[in-house]
Amino acid sequence: MRLRCPICGERDRREFYYQGAAVMLDRPAPDAGEAAWDNYLHLRENPAGDLEEVWSHDAGCGAWLKVTRNVSTHEIKSVELAREVKQ
Amino acid sequence: MRFSGLKVLTEGLTGNKGWGPHWRNPEPKPEYDIVLIGGGGHGLATAHYLAKEHGLTNVAVLEKGYLGGGNVGRNTTIVRANYMLPGNSEFYSHSLKLWEGLEEDLNYNVMHSQRGIINLVHSDGQRDAFVRRANSMCGQGDDGAMLDRAGVEKLLPFLDFEQTRFPIYGGLYHKRGGTARHDAVAWGFARSASDRGVDLIQQCEVTGIHVENGVVKGVQTTKGPIRAKKVGMVAAGRSSQVAAMAGMRLPIESHVLQAFVTEGLKPCIDHVITYGMGHFYISQSDKGGLVFGGDLDMYASYASRGNLPLVEHVAEAAMTLMPAIGKAKVLRSWGGVMDMSPDGSFIIDKTDIDGLFVNCGWCYGGFKATPASGHTFAHLLATGNPHPTTVRHRLDRFRTGRGIMDEEATGSQHNLH
Amino acid sequence: MADLIAKTPLDSMEPVTIGTCTVTEANLGTLTSIAPYAGAKIADTFKTAHGMAWPAPNRATGKDGARAIWFGRDMVLLAGPDPDAGLAKHAALTDQSDAWTAVTLGGADAEAVLARLIPLDLSPANFKRGHTARTQIQHMTGSVTRIGADTFLLLVFRSMAGTLLHDLERAMASVAVRG
Amino acid sequence: MRVEGKGLIDRKQRLSFRFDGRTYHGFAGDTLASALLANDVRHVARSFKYHRPRGILTAGSEEPNALVTIGRGPATDPNVRATVQELYDGLEARSQNAWPSLGFDVLSINDLAAPFLGAGFYYKTFMWPRAFWEKVYEPFIRRAAGLGALGGEKDADHYEKAYAFCDVLVIGAGPAGLMAAWTAAQAGAQVILADEDSRMGGRLNAETLTIDDKPGADWAADMVSKLAAMDNVRLMPRTTVTGAHDGGTFGALERVSHHVNGVPPGGVKETFWRIVAKRSILAAGAIERHIAFQNNDRPGIMAAGAVRAYLNRFGVSAGKAVTVFANNDDAHRTAMDLQDAGVHIAAVIDSRKDAQALGDYRLMSGAIVTGAEGRKGLEAIRVTTATGTEKIATDCLAVSGGWNPTVHMTCHMNGRPTWDERIASFVPTPGAIPGMETAGACNGAFSTASCLSEGVAAARSSLDALGMTAPDIKIPQADDSNYALEPLWAVPGKGRAWLDFQNDVSVKDVKQAAQENFTSVEHMKRYTTQGMATDQGKNSNVAALALLADATGRGIPETGTTTFRPPYTPVALAALGAGAQGKGFAPERKTTSHAASVAAGAPMIEAGLWYRPSHFPLPDEKTWRQSCDREVGWVRNAVGICDVSTLGKIDIQGPDAAKLLDFVYTNMFSTLKENRVRYGLMLREDGHLMDDGTTARLGENHYVMTTTTAAAGQVMRHLEFVTQALHPEWDVRIMSVTEQWAQFAVAGPKSRELLNGLLDDAIDDSKWPFMSCGPVTVQGVKGRLFRISFSGEHAYELAVPSRYGDSLFRLLVARAESLGGGAYGMEALNVLRIEKGFITHSEIDGRVTAQDIGMARMLSEKKDFIGATMAQRPGLTEAGRAQLVGLKPVGPVKQLTAGAHIYTDGAEPVAEHDQGYVTSVGFSPTLGHFIGLGFVTDGLSRHGDVLNMVDHVRGIQTRVELCDPVFFDPKGERTRG
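First to last, the protein sequences are chains A, B, C and D.
If you're matching positions, the first sequence starts at 199 in the numbering used here and goes up one per residue.
If you're matching positions, the second sequence starts at -9 in the numbering used here and goes up one per residue.
If you're matching positions, the third sequence starts at 18 in the numbering used here and goes up one per residue.
If you're matching positions, the fourth sequence starts at 950 in the numbering used here and goes up one per residue.
Since the hints were derived computationally from the structure, they do not count as laboratory data.
Glycine included, every Cβ here is placed at the ideal spot set by N, Cα and C.
Warning: the hint list may mix true and false statements.
Unchecked claim - Computed cross-link-like contacts, BS3-like style, restricted to lysine-lysine with a CA-CA straight-line distance of at most 27 Å: (1) LYS1460(D) - LYS54(B); (2) LYS144(B) - LYS1460(D); (3) LYS1103(D) - LYS1460(D); (4) LYS7(B) - LYS1443(D); (5) LYS220(B) - LYS54(B); (6) LYS1227(D) - LYS1423(D).
What the hints assert, rightly or not - Which chain D residues face chain A? A few, computed with CB under 10 Å, are given here: (7) THR1074; (8) SER1174; (9) GLY1196.
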């Protein structure tokens, strides 16, 4: 699999670290309640189609990325810098 | 039909014409007491134990493909009870005991081979952790012994003891651990369940779960609606999709785990060996193929295929640990889709919907659990109460923090277990 | 009392030649990572101070005895001179002079040697002089820059110097045998 | 036998080789298989299950029978296909799976017992008595199965892996592949053309067909030399593309040195390529299929196309009186080519009633072969026609049931091929591999002319996708004859007719599987092992599937097909895992004091990727304990030196540096004064401890964080996640400086004395109190000094740029020795920290909370921080959790062991009485007894309780008292003093 890092260009999967669903970008407030935190850390939509997820270009530029990828076909739909998604 | 050496002999002499179907091909009835979604190893085992232990035979197993077509038919066939943490320890102990009587129970040779498992140790810290685990096993009444370097060398002289990147300090030896013929486990449970009256319905995909006022009423399928008093979701690999039909979200991410087999070779590896520093494990099948695997590919996936970096990593681990197998040739690789849970341990529990039960989250430990998963899930379905070995395996344990069983100690990130 | 003695990561080894390629430990002088703060307009300051362009991502600039190598997300490695004090206003400066093993690999087959270690297309059409990348070098993370027609600059962590040399020598030998 | 005037071999280069101990001769350009056939060696192997005699079936990598072992000792290479192995002078090959010899194989008795050993027999028996499975049945089955044997020694050959990139990857260099590569190359694309054969050209080298009136092989050779001359083309012969993976990545195995005797020094046996291609063209050809009839596996019965290949490419006739059995026109060419070469054709048997002879030979149309005679070599066949049965003497039967396109690679990404009634086989489903076109025979286009034009067309579509244009390409003139075929999978009749030769799967087995309700194609495959041999069913799957469809009354498309998995042909583990042997598995990280430590005799142990000294033995010390006790004593009484450079050091700068630290640590760092150090706890977001360490404030907006050695990478990634993905608005920059600094602990009552002789400016308590830090100069070198202690003594850590690390370490040790101390290693460090109750990852193993280790007070309530919320989950805070305690022996047994469990005193040591476990132990020379740290249920409030430590696996039981984890100097007076 190859991902197109917005900074470095297309690179082999071996340069990237995978964290999981992109819900991890939306950290709840401390008082958001049990359900919000359970959703944040544990419960997952886990679709068999397009999934938004977070990766890091660990062995490259070090950027954290938000990737949209079809997890049944492994087709990469988009790669964005997490930093820009958040701002 | 009862299988026996004599039967094989008489059939052989009469042209093998008398062998009947291993299981029936029934059409679904309009209603069952219990419908199980998923005809994999765990679903078929559940059906067997429902019938055998609880006398419940008005049961259907609905399988969207063919029986045993999921992870029970694509794994590295390891059977063991070498867990450390309370909850898992008693469950896998229970499972191994069921394995030890499985062939008599099923009248089917699943080739359960207790050839012994050796988990290699590569540092003092790792040894201490394995000693703790071995002591858990002993405290549970199972076998567990620590080998020093010489002890490992005696059993596994072909490992590289001279210059491995992470030298071998010793190992945890679990003699009762071993392997089984994976497909045969599914077929044995299927045959037994079918013989006892359970309907195994293949090519029958569940497309909806019918819930009224918080009570499950049945399922919609590609073969029409089926009413059910209780529904058990036992579809690891696709758990989230099945649960979504009941409006549930599970604490699961699906990940792909690759496995590999080499061409057939004369016997050279007599045990199951695991190499923790390389996330690598290997055994040799009775056909002679070296069966091995490693870590997850690490990204969410429903595609039963992996990618090269992991293939290479696994092979590199093999080469650093046992360079004597360098000229064994990889014949086939495949991927299974794993239900990864936030603590690496499984879930067998009721749900908030009355009559709907869930069995999921097996990560990559599902095969060895097959008998006990079926046994305890059957217990829960039949009695409404968790079996004593699964009281900790609750669906809400991540929310409450109670009873988290994080064997790998890597925390709530699903793919790290 | 004896003064403290400085040692390079590869202990000033003699260049190693196998086949057409030579690996040489490189003395890059002072290494400073420069990570501009939010909104900093560092390019002009940098140009004025050091006489080199602030490199775009995946590019390296340089002049005699000095290089500016893009070194990751929002980071440049200044190699050679001590950093101009005025840069500290605009960026986090961190001394990295002792943190990296630096070697050059030169020779007709340099690209073929690196094809055994680096998962990137380093062909001249794709990776020209002045191009740089943060990537893997075998199992190490590192930096590769084309600094000549058939010469590359490689950086990995200082502690991995021995592994880098070993990996390069293996690849050089196999390429040399193929001829 | 060799045929004069034929073949692409070099008859001037005569090569000597051995097979099963006998010496033979062949020529350069031969394969082992062609050379054996030239020497009339027909029986070369035994099958897997029934040990039936087997000969050479094919001329390619799909060979199921002729597997041999090449070489000896550590170079032993089992399961090598004789049809692929190029001949070299001195080659030594042995047959496999036969004992005591190929000719007389004891286990061929299995063949007689076959009625009892059919599909799935083992599932039905061997169950009684239970203990017999592991002891009797299984060992026997294991020995009987398997093919070749490994050498049993460390692989002595080098292998390597490499990367390649291109615009267009062309897989297969037959007519379609050559035209595709040519077309793409003309457009200026970067092209890689890979072919598994040593000689490119594919079937053109095996046929007598012409292209543009030139012999096909000559045309191919011309094309290859033209391509080779182009800068944008890379030819990769002897390279099998083994797998198609996501993102246009392909695995490919190049056999670099298999065709020469031994690997040259420095060279490699094989290279495993990772090829990244923007587009790919599969032109992999087709594989001929067999027809099942009784004893259709006898040596001498071969694929018709293979018989032609041996004749036309290698100048070998596979028999003296050859017969052909086919259901299509193509196979008739075997008869014609042989006849042209002067070989006698005994008959051509064609199952089609309307078959026409294409030459002057005896044609039996509407006839079938119903049996074969001759156990170790074919002697005769029985032919059944409408009028009766005739026996025909023959030593070679060339069989063709038609051709199956080589679609395998198109299925590597879960795609399924499409059934094509026209050729009665599967063809690729378009789009199955993103970016891949298919061309030629693998696409079901069997004539040479269609291969050539499909090659051009596939290249054109690929170029279109790349935005490139090909110039006009003239398609050469070639044969365009129709491929006429009538499906025939198995002839009816008694006896065993074989499908999967290697695994000994017969037509009966498939039928029996169906009878037992293994009607899904996957069930049939798994029950019978059809298609699971080393050829992965390339020769037999389609026929087996057709027979299953027939047995279950379904059509073939509904019956489906099994999935083809990578690799296309088997790949040695040594190639996939190249470079890892020995120390190559992971980089080695060495500290600057490594050489000095080794010179001092310290055993170096692995700490993650790092190496650290375990202890520094003195000449009179016999055990590590002696050294450890002495080193602990040095630190407690004088001064010790320890390299702590492996701990992670992270430079954190910027206006929001303090915000970041407050967010990732449980306690406050914004309140830390400059030039001061604070201990911090870091949680994962799930509320469990991730790491601990000290962070120093070097300036208002400048901190340097210390992590444990183990968690350095994880913490760095975590900080990047927080600053990029959670709080990108914070203006803070982080940079690892672990490698920049060589850092040494100087610990013990004489530490200041030591430093004051070394630092350019003297230090004292008022300027350098406990937990202070700041810049210092050491003989003119700028360094950093931290007054921190992991030993409980008055101690410092001194950091200098790494270039001075070696020198400074030697200097520090020399000075320490002059003060009655010296270097200490990991063992002593561990004892020192246990004496003080300091934790490491042995304690915070990933399942432990701050509360569990008695540090609940460090969870600030004034701020949000990572893990703050989840750490308050009921399950993490309520009673009943295991908590950190000190352990000391109080009974007659004095030993403590890490990993032991702790049970209720007086109760049986079983799970239900389990109270906890021991994480760290050491013999404290300071206190004169073992001490330990462990976790016990509600342990924080149980100091004074006596429990039973049991180490089942080591056979040790020790009564232990729970106590405060700080065993030594609980008030910390020594640290501050």
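Now the hints, each set against the structure:
{"no.": "1", "hint": "LYS1460(D) - LYS54(B)", "result": "24 Å, holds"}
{"no.": "2", "hint": "LYS144(B) - LYS1460(D)", "result": "47 Å, violated"}
{"no.": "3", "hint": "LYS1103(D) - LYS1460(D)", "result": "44 Å, violated"}
{"no.": "4", "hint": "LYS7(B) - LYS1443(D)", "result": "14 Å, holds"}
{"no.": "5", "hint": "LYS220(B) - LYS54(B)", "result": "19 Å, holds"}
{"no.": "6", "hint": "LYS1227(D) - LYS1423(D)", "result": "25 Å, holds"}
{"no.": "7", "hint": "THR1074", "result": "41 Å, violated"}
{"no.": "8", "hint": "SER1174", "result": "34 Å, violated"}
{"no.": "9", "hint": "GLY1196", "result": "3 Å, holds"}
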